[in-house]
Every structure is written in C-alpha cells, then in structure tokens.
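Assemble the whole structure, with the sequences as input and the hints as a guide.
First to last, the sequence lines map onto chains A and B.
Residue numbers 1 to 102, in the numbering used here, belong to the letters of the first sequence in order.
Residue numbers 1 to 223, in the numbering used here, belong to the letters of the second sequence in order.
Hints listed in this document are in silico derivations from the structure and should not be mistaken for laboratory results.
The model shown is predicted, which means the values in this text are computed figures rather than measured ones.
It cannot be assumed that every hint is accurate.
Straight-line alpha carbon distances no greater than 25 Å define the calculated DSS-like cross-link-like pairs of lysine-lysine that follow [claimed, not checked]:
no. : chain 1 : residue 1 : chain 2 : residue 2
1   : A       : K39       : A       : K66
2   : A       : K13       : B       : K27
3   : A       : K63       : B       : K27
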Amino acid sequence: MSNKAISIAQLNKTFESRIRLGIMSILMVNDEVDFSRMKELLQVTDGNLASHVAALEKAEYVKVNKQFVGKKPNTTFIATKLGRKAFTAHLEALEKLLKSTK
Amino acid sequence: MFSFVLQSTLIMTNTEEQLAALQDIRKIMERSSRFISLNGLSGVFVGLFALAGAALAYLHLSQTNGRVADDYDAVALVADKDIWFYCIDAIVVLVLSVGVSTLLSIRKANKEGLNFWDPTAKRLLLNMLIPLVTGGLFCLILILHNFLTLIAPTLLIFYGLALVNSSKYTLEDIRYLGLLEICLGLLAAYFPANGLVFWAIGFGFLHIVYGIGMYIKYDKKVK
Numbered sequence: 001m002s003n004k005a006i007s008i009a010q011l012n013k014t015f016e017s018r019i020r021l022g023i024m025s026i027l028m029v030n031d032e033v034d035f036s037r038m039k040e041l042l043q044v045t046d047g048n049l050a051s052h053v054a055a056l057e058k059a060e061y062v063k064v065n066k067q068f069v070g071k072k073p074n075t076t077f078i079a080t081k082l083g084r085k086a087f088t089a090h091l092e093a094l095e096k097l098l099k100s101t102k
Numbered sequence: 001m002f003s004f005v006l007q008s009t010l011i012m013t014n015t016e017e018q019l020a021a022l023q024d025i026r027k028i029m030e031r032s033s034r035f036i037s038l039n040g041l042s043g044v045f046v047g048l049f050a051l052a053g054a055a056l057a058y059l060h061l062s063q064t065n066g067r068v069a070d071d072y073d074a075v076a077l078v079a080d081k082d083i084w085f086y087c088i089d090a091i092v093v094l095v096l097s098v099g100v101s102t103l104l105s106i107r108k109a110n111k112e113g114l115n116f117w118d119p120t121a122k123r124l125l126l127n128m129l130i131p132l133v134t135g136g137l138f139c140l141i142l143i144l145h146n147f148l149t150l151i152a153p154t155l156l157i158f159y160g161l162a163l164v165n166s167s168k169y170t171l172e173d174i175r176y177l178g179l180l181e182i183c184l185g186l187l188a189a190y191f192p193a194n195g196l197v198f199w200a201i202g203f204g205f206l207h208i209v210y211g212i213g214m215y216i217k218y219d220k221k222v223k
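Here it is, written out as structure tokens:
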C-alpha cells in the first residue's frame, strides 16, 4: 500500500462532513459552547446542527449537556477526550495526505 | 492512459477538497476563539486623539507655567492645581478612543456577517480591563500621593501589559505593540523629565504606525 492509501485509510469517516468538522474545530479551542453560539458560528439550521451533533455524540466524540436556565432549555457541547484524540488523528492524516500529493 | 487521467483528476479534486476542509477548520478555530473584528484604522484614530491630547496638555503647561514644557518635573510642581485639567484631557482622549474603536469594530463585524458582541468580545474586554483598571487605580493613588512624574510611565507600562495579556484573545500582532509600550514605559520611568514626550510616542505615534500596518495586513485585503 502506498503512503497515500495509508493516509486515506486513516481518515475518520465520522468527520466526513463540513459541519461535523466545524463542530469539532470549535470544540477543540473552546471549553464549552452552547447551541445558539454553535449555530451562529457554523451558520446552519437547528435540525441540521442537531443531527450532526447526534452523530458525534453517538461516536462518543461529543458530550451533550441539557440544562434549564429558568424555563429556557440550554444545551451545551463539550469535546470528549476520545473526540479530541480522534480529531487530532484525522487532521494529521489529512496533512499527510496533502503532503504526499504535493 | 484515460484511466490514469481520470484517476489523477479524482485525486486532484480530493486534494483540493481536503485542502479547503483544512482551511475551513483553521478559520473556524480562529473565529470561534479570537476577537477578529479589530480594525487597523482604530489604531490611527486612537493615535491622533492621543497626539491631540498631548498637544493640549503641552500648550496648557507652557501657558500656565510660562516655561517650555520639556521639563516634565515642572508638571509635577504646577500640576498640583491643574491636575484635573490633565485628568479630564486624558479621560476625553480615552472615551473618544474607545468609542471610535468600538464603532469601527461593529462596522467590520457587520460587514463580515459576524456578531460584534459575542463571547470572544466579552473575553477580550475582561482580559484587557484587568490590567488597565489596575493601572488606572494605581495612577489615582499616585495622584493622591503627589507622585505625578510617575503617571506617564505607569500608564504606558500597564497599557502594554494589558495588550500583551489580551493578545491571546484577539489578533496576535497586538502582543508586539504591548511589548513596545512596556519598553517605552520603562524608559519613561528612567527619564521622568520627558514623560509627556514618551506618552506622545507610546500612545500617539506607535498607535498610528501600528494601525496603518494592521490596516494594510488585514483590512485592505478584505475589500
């Protein structure tokens, strides 16, 4: 197997979406981000964000906290240790892939 | 041959896609953790206000004193009565500077479709205010104790520390401006007779030069 093929194999399928990449990028540099802030940064709809977060939550890359501030529901997201590790590995694979095609 | 071309174009688009993804990631990380709506022009305006304020202080000084104001110790002697004139002068400069910077930042944020008052702005403000308010209070204490010659260096040093501290939460270039302000402040403390000159260089000249640099680096390209 060539270097390139190895790198492609290392790419994580869970991150194969611009929105999921965005969610993880934001959670890598911020401790805790709430739903509306995430929506604003990524400029996506509620449903779209919710479904992508659900996929990341299922992979245990993101932890979702639902709380109530007064009567308003407030949902916040945190990247798990596993998520951080997986995302870093994904980025490294991406970089390797780009270097090998240069 | 055909399959080779097909394959290489496939890899090409894939590479470009991945490259775009990487750039996206970098942009989102930056945008979500740093306040990037600072406008270089703010620096130019702040510098001009500071120079005007320093000129006004200089005029007032030479009028009331009848002496040339390059002798900053003279400030300490006369300023006793006039200290409130200099305080108001400084506060007007501060209010104008903060006002114009805020307006320009709001305009830039709107232009880029960002929300001005977001968590990055709050974090920047808090981390800037901690050293700044400390410095301001310290200067008030200096006034009360009549250590007036130390005010200019103190303001420069604390302002520099505020910039270095807040550079983690906004455009990184602010860090070097902060270091320069700290150096000037220390020099001003060593040569207390030239406080007003160092003040004008630090708050006036440096801001203008830096503002122009930042404007060329970030804002011109956006247009």
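Okay, the hints, checked on the actual structure:
Taken as a hint, the K39 of chain A and K66 of chain A pair is honoured in the structure, with Cα atoms around 16 Å apart against an allowance of 25 Å. Using a Cα cut-off of 25 Å, the hinted pair K13 of chain A and K27 of chain B holds, with the two alpha carbons roughly 22 Å apart. With a CA separation close to 23 Å, the supplied pair K63 of chain A and K27 of chain B stays within the 25 Å bound.
Violated hints for the displayed structure: none, as all numbered hints are satisfied.
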